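Protein chains in written order, with full-length UniProt numbering: chain A, 1 to 367; chain B, 1 to 367; chain C, 1 to 367; chain D, 1 to 367.
Everything labelled a hint here was simulated from the structure, so no lab data went into it. A hint or two may mislead.
If chains are identical, the list can't say which one is meant, so a pair holds when it fits in one copy or spans any two.
To be verified - Straight-line alpha carbon distances no greater than 35 Å define the calculated DSBU-like cross-link-like pairs of lysine-lysine that follow:
| # | residue 1 | residue 2 |
| --- | --- | --- |
| 1 | K101 | K364 |
| 2 | K58 | K46 |
| 3 | K55 | K170 |
| 4 | K364 | K58 |
| 5 | K111 | K147 |
| 6 | K111 | K58 |
| 7 | K233 | K147 |
| 8 | K147 | K6 |
| 9 | K101 | K46 |
| 10 | K6 | K364 |
| 11 | K170 | K58 |
As the structure is a prediction and not an experimental result, all values here were calculated from the model.
So the chains spell out like this:
There are 4 protein chains.
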Amino acid sequence: MHEGRKINVGVLGATGTVGQRFIALLSEHPFFVLHTLGASQRSAGKPYISAVNWKQTKYIPAAVREMVVQECRPECFRGCEIVFSGLDADVAGPIEEAFRKSEFAVFSNAKNHRRDPNVPLIVPLVNASHFSMIQQQRALHNPPLHKGFIVTNANCSTTGVVIPLAALEKAFGPIESCMIMTMQAISGAGYPGVPSLDIVDNVVPYIGGEEEKMEWETLKILGGVTEGEDGRKVFDMHARQPLRVSAQCNRVPVIEGHTECVSVRFARRPPPSPQQVREALQAYTSDAWTMSCPSAPRHTIFVHEEADRPQPRLDRDYQSGAGVNVGRVRQCPVLDIKFVVLANNVAIGAATSSIVNAELAVCKGII
Amino acid sequence: MHEGRKINVGVLGATGTVGQRFIALLSEHPFFVLHTLGASQRSAGKPYISAVNWKQTKYIPAAVREMVVQECRPECFRGCEIVFSGLDADVAGPIEEAFRKSEFAVFSNAKNHRRDPNVPLIVPLVNASHFSMIQQQRALHNPPLHKGFIVTNANCSTTGVVIPLAALEKAFGPIESCMIMTMQAISGAGYPGVPSLDIVDNVVPYIGGEEEKMEWETLKILGGVTEGEDGRKVFDMHARQPLRVSAQCNRVPVIEGHTECVSVRFARRPPPSPQQVREALQAYTSDAWTMSCPSAPRHTIFVHEEADRPQPRLDRDYQSGAGVNVGRVRQCPVLDIKFVVLANNVAIGAATSSIVNAELAVCKGII
Amino acid sequence: MHEGRKINVGVLGATGTVGQRFIALLSEHPFFVLHTLGASQRSAGKPYISAVNWKQTKYIPAAVREMVVQECRPECFRGCEIVFSGLDADVAGPIEEAFRKSEFAVFSNAKNHRRDPNVPLIVPLVNASHFSMIQQQRALHNPPLHKGFIVTNANCSTTGVVIPLAALEKAFGPIESCMIMTMQAISGAGYPGVPSLDIVDNVVPYIGGEEEKMEWETLKILGGVTEGEDGRKVFDMHARQPLRVSAQCNRVPVIEGHTECVSVRFARRPPPSPQQVREALQAYTSDAWTMSCPSAPRHTIFVHEEADRPQPRLDRDYQSGAGVNVGRVRQCPVLDIKFVVLANNVAIGAATSSIVNAELAVCKGII
Amino acid sequence: MHEGRKINVGVLGATGTVGQRFIALLSEHPFFVLHTLGASQRSAGKPYISAVNWKQTKYIPAAVREMVVQECRPECFRGCEIVFSGLDADVAGPIEEAFRKSEFAVFSNAKNHRRDPNVPLIVPLVNASHFSMIQQQRALHNPPLHKGFIVTNANCSTTGVVIPLAALEKAFGPIESCMIMTMQAISGAGYPGVPSLDIVDNVVPYIGGEEEKMEWETLKILGGVTEGEDGRKVFDMHARQPLRVSAQCNRVPVIEGHTECVSVRFARRPPPSPQQVREALQAYTSDAWTMSCPSAPRHTIFVHEEADRPQPRLDRDYQSGAGVNVGRVRQCPVLDIKFVVLANNVAIGAATSSIVNAELAVCKGII
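Based on the provided sequences and hints, a complete structural model is requested.
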C-alpha cells in the first residue's frame with residue numbers, strides 16, 4: 001500500500017454529476033487531497049457552494065464549500081499532480097489533452113479518448129495491466145512527456161459486465177459470445193438527464209450510442225496488449241479468440257444501480273457448471289485489492305444466493321458501490337450460463353473507477 | 001363475422017384483477033352478454049359493488065354494480081354457455097373441470113391446464129388451429145361431452161413474444177434459438193401483488209416460475225398438432241425443428257405493459273435482413289382478424305420506426321392493448337436479429353386473449 | 001347548443017405539451033376544425049409529424065400528421081376565427097396581443113395576461129359571467145376591435161380548487177378563509193419539465209410562483225365584475241367579503257392529476273355540515289353544461305363516497321378529465337370543513353378549459 | 001453521558017420492519033447489547049437469518065445472523081433489562097404488559113398503550129419530562145413494580161411535527177391552531193404494506209386512523225403532566241391553552257421520509273416573524289442531546305435555506321435520520337406561519353425514538 005506523501009488532485013467538471021461524486025469521494029480520501037476545482041467559465045470565480053446545484057445525499061464537504069471554482073485551464077491547477085475529469089463529452093477532448101500536455105496525470109470518465117489507440121481504457125478491477133501503454137503514450141508526444149498521460153475508465157454499463165466476464169475468462173478461458181440486456185438507472189444520464197415524464201411508470205428501450213459502446217469497449221478491456229512487428233504496442237481487442245458481444249440497453253425508473261441480464265458461451269467444451277461459475281466469481285480478486293488500493297472493494301464480486309437478488313435498491317451501496325453484485329447463476333438453454341449483474345453506475349461505474357485507477361497508478365509508481 | 005344471436009357468459013373469479021378486466025371488456029361486447037358473476041364464498045350473495053375492490057380506471061359498468069355474486073358452481077351459472085376464468089391457480093383446477101363436465105365452454109387465464117396434453121394453449125393471434133384438439137378433449141370424457149371443453153391462454157409474458165415469433169416463422173421458416181429478457185409490469189402479479197417497498201426505485205430480477213413457463217409454453221404454442229400412430233392427436237412442441245428458448249424475467253416499476261428484449265436465430269441461412277423482418281411483422285395477420293373476431297386488433301403487430309419505441313406508458317393502450325408493438329428491429333452480433341416487444345399484459349396478455357379465443361370458437365362453430 | 005357552422009381554429013405553440021393536448025382534443029371536436037398549427041421558427045415549414053416530439057398516449061391524429069407548421073404570426077392564420085395558445089410564458093405576451101389586434105379570439109393557457117385588468121380569467125365551470133368584460137377590452141383598443149379579444153384560463157392548480165369553492169359559495173355564501181395543500185403531477189411542468197432525478201422516490205415541496213398564483217387567481221375568479229364610478233368595469237377580487245387564501249404547493253411523482261387537500265371557513269355561522277357540503281358539491285352545475293357546451297362535463301363535481309378516493313391514477317380520466325373529483329368531505333378542527341380535490345391538470349386544468357371557454361363564447365354569441 | 005456498564009436488551013417483533021431497524025441500530029450501539037430476539041411462534045426456534053425476510057439496505061449484522069429467535073415470552077428474555085417492541089398492534093398489548101409485569105423496561109413503537117393515562121407517550125426530542133409518570137405507573141401494579149414500565153413513542157407522522165411545534169412553543173408560547181398536511185412514505189405502512197398497484201403513479205389521500213392519531217397524540221405530547229386534587233398525576237392534553245389540530249394524511253410514492261406541510265397560529269399577538277421562527281427552530285436543543293444520549297442528533301432541527309428543501313430523498317439520512325428538517329418558513333395568509341417538515345419515519349419516527357427514549361431512561365437513572 002501507498003504509505004507516503006499526500007498528493008494534490010484537481011477535479012475538472014466539478015459542478016456536474018460525476019464531478020460532485022468525485023468531490024464526495026476525494027474529500028475523505030487517505031492520500032489524495034482536493035486542491036483545485038475546475039468548471040465552466042460561468043462557474044469560475046464563484047465559491048463552490050454558489051456554483052453548484054448539489055444533488056448528493058451527503059452534504060457538501062465543509063472544506064469544499066468555499067473553495068473558489070477555477071477555469072479548466074492547466075495554469076489554474078498548479079500544485080496538482082492528478083486531475084480527475086468529469087467533463088461532458090462535448091468539451092472533454094481538448095481540455096484533457098491540454099492537461100496531459102502540461103504534464104498532469106489525467107483520469108477521465110468521459111468517452112472522448114476511450115477509442116484512442118494509445119490511451120488505456122481501464123476498469124480497475126479488470127485490466128490494470130493496460131497501464132503498460134502509458135510509456136508509449138508519453139513517448140509519442142513531441143517533445144516526449146515525462147509525467148503527463150490520459151487514462152480513461154469505461155462506460156458505466158460496460159464496467160458492470162466486464163468484471164464478471166474477466167473473472168470467468170481467468171477461470172475458464174475465452175468467452176465466445178455474450179448477450180447483455182441492461183436495465184439502467186436514470187443517474188447514468190446525468191442531471192437534468194432523463195425527463196420524469198419519460199420514465200415514471202415507463203421503460204425506455206433505447207439509450208443513444210450505449211449498445212455500440214458496450215460491444216466495443218468490452219473487447220478493448222478484455223483484450224490484451226500485444227506488440228506489433230514494429231515494436232509498437234497495440235490493444236488486441238480480444239484477438240486470441242474472437243468475442244461476439246450483443247447489447248440491448250434500456251432505461252428504467254431506478255435512481256442508482258444498473259441491473260444487467262447476461263448470458264455467455266465459453267469456447268471450452270464442456271462449459272463450466274453454474275456452481276463452478278459461482279465459485280470462480282466469488283474467488284476473483286483484483287490487482288487493485290492485492291496492491292491495497294484504498295478504494296478497491298474487498299469482494300470484487302459478491303455472489304448472491306437468494307433467488308431474487310441482486311436488486312438495485314438493496315444492494316447498490318454494498319462496499320460503497322465499489323464492487324459488483326452477481327446473482328441467479330444458472331444454465332442458459334441457448335448459450336451456456338446466464339446470470340444477473342448489479343453495478344453501481346455512479347460508484348464503480350464512474351467516479352470510483354477513476355479514483356482506483358489513480359490509486360493503481362500511484363501504487364505502480366507511474367505517478 | 002358472427003352475425004347472430006347473443007350468447008350469455010359468466011365470469012369465474014369476478015372480483016379479482018383479471019375478473020375485473022373481463023367485466024370491463026364484456027360489458028361492452030357486441031354479442032357476449034354478462035349473465036353471471038362468480039367468486040369465492042366470502043363474496044357470494046353480495047351485490048358486486050360490495051364484493052369487489054374495484055381497481056380499474058374505468059368505473060364499474062352500471063349493469064354490473066348490483067348483480068349478486070354467485071359461488072363458482074356450475075348450477076349457479078345456468079343460462080350461460082361460456083365461462084371465462086380469472087381464478088387463482090390454487091383453486092382454478094377442479095372448478096374449471098367441474099364447469100367443463102357440466103358442458104360449459106371454459107376459457108381460462110389460469111395456468112392449471114396449460115400443460116394438459118388435451119387442452120389447447122391458444123394465443124388467439126397465433127395458433128387458432130389448436131382448436132382442433134377440442135373434439136378429442138370432449139371424447140375422452142366418460143360419457144363424452146357434447147359442448148364442454150377447456151381452452152387456456154398463455155402466460156402474459158409468453159403471449160407478447162410468441163406473436164412476433166409466429167410471424168417470423170410464417171415468413172422465414174423455423175427459429176432455432178430465442179433469447180428473451182423481460183421487464184414486466186406490476187399488474188402482472190395481480191392485487192395486492194408486488195409490495196411497493198419491493199419495486200419503487202427498484203428492479204426485481206426474478207419472478208417465480210415465469211422463466212420456465214415462457215420456455216415451455218412457447219414450444220406448445222408455436223408447435224403443431226400432429227397425429228400419433230394410434231390416431232390420437234398430440235401437441236408436437238415444435239418437433240419439426242428443435243427450438244431452444246432462454247428467458248430472463250424481471251419486474252420493473254411499470255403499471256401495465258410488459259417490455260421484452262428478444263433475439264432470435266433462424267434455421268435458414270442466410271437469415272432475413274432487419275428490413276425483411278420488419279415487413280414480415282407488419283404484414284402478419286391473424287385468423288382472428290380474418291374471421292372478424294370483434295376484439296381482434298387490426299394490426300396484429302404494430303412496427304415502430306422511432307428509435308426509442310415502443311414504450312409501455314405511451315404504447316400499451318394502442319388498439320385497446322389487443323395487439324403487440326415491436327420496435328428496434330436490428331442485427332444481433334450473437335444470434336441473427338434482435339428487437340423489442342411491448343404487449344399489454346392485462347389485455348392481450350390476459351383477459352382480451354380469453355375473449356378473442358371465445359370469439360374464435362364461436363366463429364369456428366365450436367360453440 | 002351551438003347547432004350551426006363549423007369554425008376554423010388554430011393552435012399557437014402546437015408542438016409543446018399543451019399544444020399537443022389541444023390538437024388531440026380539437027381533432028375530435030364537433031364544430032371546431034383544426035385549420036392552422038403555429039410553432040417557433042425552428043419548427044415552421046416542417047410537417048407536424050417531423051416538428052413534434054409527440055408524447056400523448058393517443059397517436060397523432062391522421063389529419064394533422066402532414067400539416068405544415070406555420071410561424072406564430074397572424075397573417076399565417078388566415079381563415080381561422082379562434083386561436084388557442086399553448087405558448088410558453090416567455091413568448092406568449094406579445095404574440096397573443098398581435099393576434100388580438102388582428103381580430104382573432106385568443107384563448108390562452110399562458111399566464112401572461114391573467115392579471116390584466118381587462119382580460120377575463122375564466123374557469124369555464126365557474127365564472128362564465130366574466131365574459132362581460134370582453135366588450136370593454138375591445139373598446140380600449142385604438143381603433144376599437146370588432147372581434148378580437150383575449151381570454152385566459154387559470155393555472156392548473158387553481159382550477160381544481162376554485163370549482164368546489166364556487167359551488168360552496170353558491171350554496172352557503174362567502175368563504176372567509178381557505179387553506180390549500182397541493183400534490184401536483186409532473187405533467188404540470190411541461191416537457192422536459194421535472195428531471196427524473198428530482199422526483200423518483202421524492203417530493204419537491206416547492207413550485208416557483210405557484211403559491212402566489214393560486215392565492216391571487218382564486219380571488220379574481222371567485223370575485224365579481226363590478227362597475228366603478230367612471231362606468232368602467234373592474235374585477236372586484238372578492239371584495240364583497242375579504243377572502244384569505246393560503247397555498248402550499250408540492251410536486252409528487254404522479255404523471256397526471258393534481259391532488260389538493262383543502263380546508264375552508266365560511267362566513268356564515270353555523271357553517272354547513274359535511275353532508276350539506278357533499279350535497280351542494282354534487283348538485284352544482286355549470287353554465288357550460290347548461291348551455292350545452294360539448295366539452296363540458298355532465299358532473300361538474302363528482303363526489304366520492306369511498307374513504308380513499310379520489311386518487312389520481314384511478315380518477316383523473318373520468319369524463320375525459322373535464323370535471324373535478326372531490327372526496328373525504330369532513331369537519332376540520334381548525335377551520336370548518338376539509339376535503340380532497342382531484343383535477344386533471346392537462347384536461348380541465350389546461351387545454352380543456354380553453355376549449356370550453358371558446359365553446360362558451362360561441363354559445364354566448366361573442367364569436 | 002452514560003459511562004458505565006453494558007446493558008442487555010431484547011427486541012420483540014424482531015423479524016418485522018421496525019424490528020429489523022431496531023437490530024440494525026442496536027448492533028452498533030455503544031452500551032446496549034443485543035441479547036435476545038423475539039418473534040412469532042412461526043419464527044421461534046429458527047436462526048434469525050432463516051426467519052427474517054431482511055429488507056434493509058445494510059446487510060444483517062454478522063452477530064445476529066445465527067441468533068436463535070425466541071418466542072415473545074418474558075421467560076425467554078432472561079438476562080435483558082430492556083425490551084424494544086416492534087410488535088404489530090394486534091398482538092402488542094398483552095405481550096408488552098406481560099413484560100412489564102416481569103419487571104422489564106418496555107419501549108414500544110406500537111400504538112396500543114399510547115392512550116393509557118399512566119403510560120408516557122414520549123418523543124425524545126420533545127417531552128422527556130413525561131418520564132415523571134413512571135413512578136405512578138409502577139405503583140399502580142399490585143404488587144407495585146420495582147423496575148418494570150412501558151414507555152411508548154409516537155406515530156411516525158406525529159413525531160415529525162411535534163418537534164418543531166415544541167420548539168415554537170418554547171420560544172413563543174402556546175400555539176392555538178395547527179393545520180398539517182402529510183405526504184407519507186410507503187415504509188410507514190410496514191411490509192408488505194402498500195401494494196405497488198396502489199401507489200406507483202398515484203397518491204392515496206387516506207391512511208386509516210392516522211389523522212385521529214396525529215390530532216390526539218400531539219396534545220398529549222405537547223401538554224404537561226399536572227397533579228390532580230387526589231395527588232395523582234395526569235397528562236393535561238395541553239390544557240393551559242386549548243390547541244386545535246387538523247391533520248390531512250396522504251400516502252405518496254416515496255420509500256422513506258414523511259414530508260409535512262404545517263401552518264400554525266400562535267396565541268401571542270403579534271406573532272413571531274418568519275425570521276424569528278427560523279432562529280427559534282435552529283436554536284432548539286433537546287434534553288436528549290444535553291444529556292449526551294448517544295443516538296440523539298446534534299441538530300434537533302436542521303433549518304434549510306434553499307427554497308426547494310427539505311426533500312425526502314436528499315435529506316432523510318442527515319444525522320442518520322435522528323433529527324428533523326424544516327424549510328420554507330414563511331407567513332401564512334390564513335394562520336400565522338407556515339413551513340415544511342421532513343422527518344425520517346423509520347428513524348426518528350420509529351426505532352430511533354424508542355432507542356433514545358431508552359437512553360434517556362438510563363441517563364435519568366430510571367433504568
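*Hint by hint, work out which the structure violates, then give me just those numbers in ascending order.*
The structure conflicts with no hint, since it agrees with every one listed earlier.
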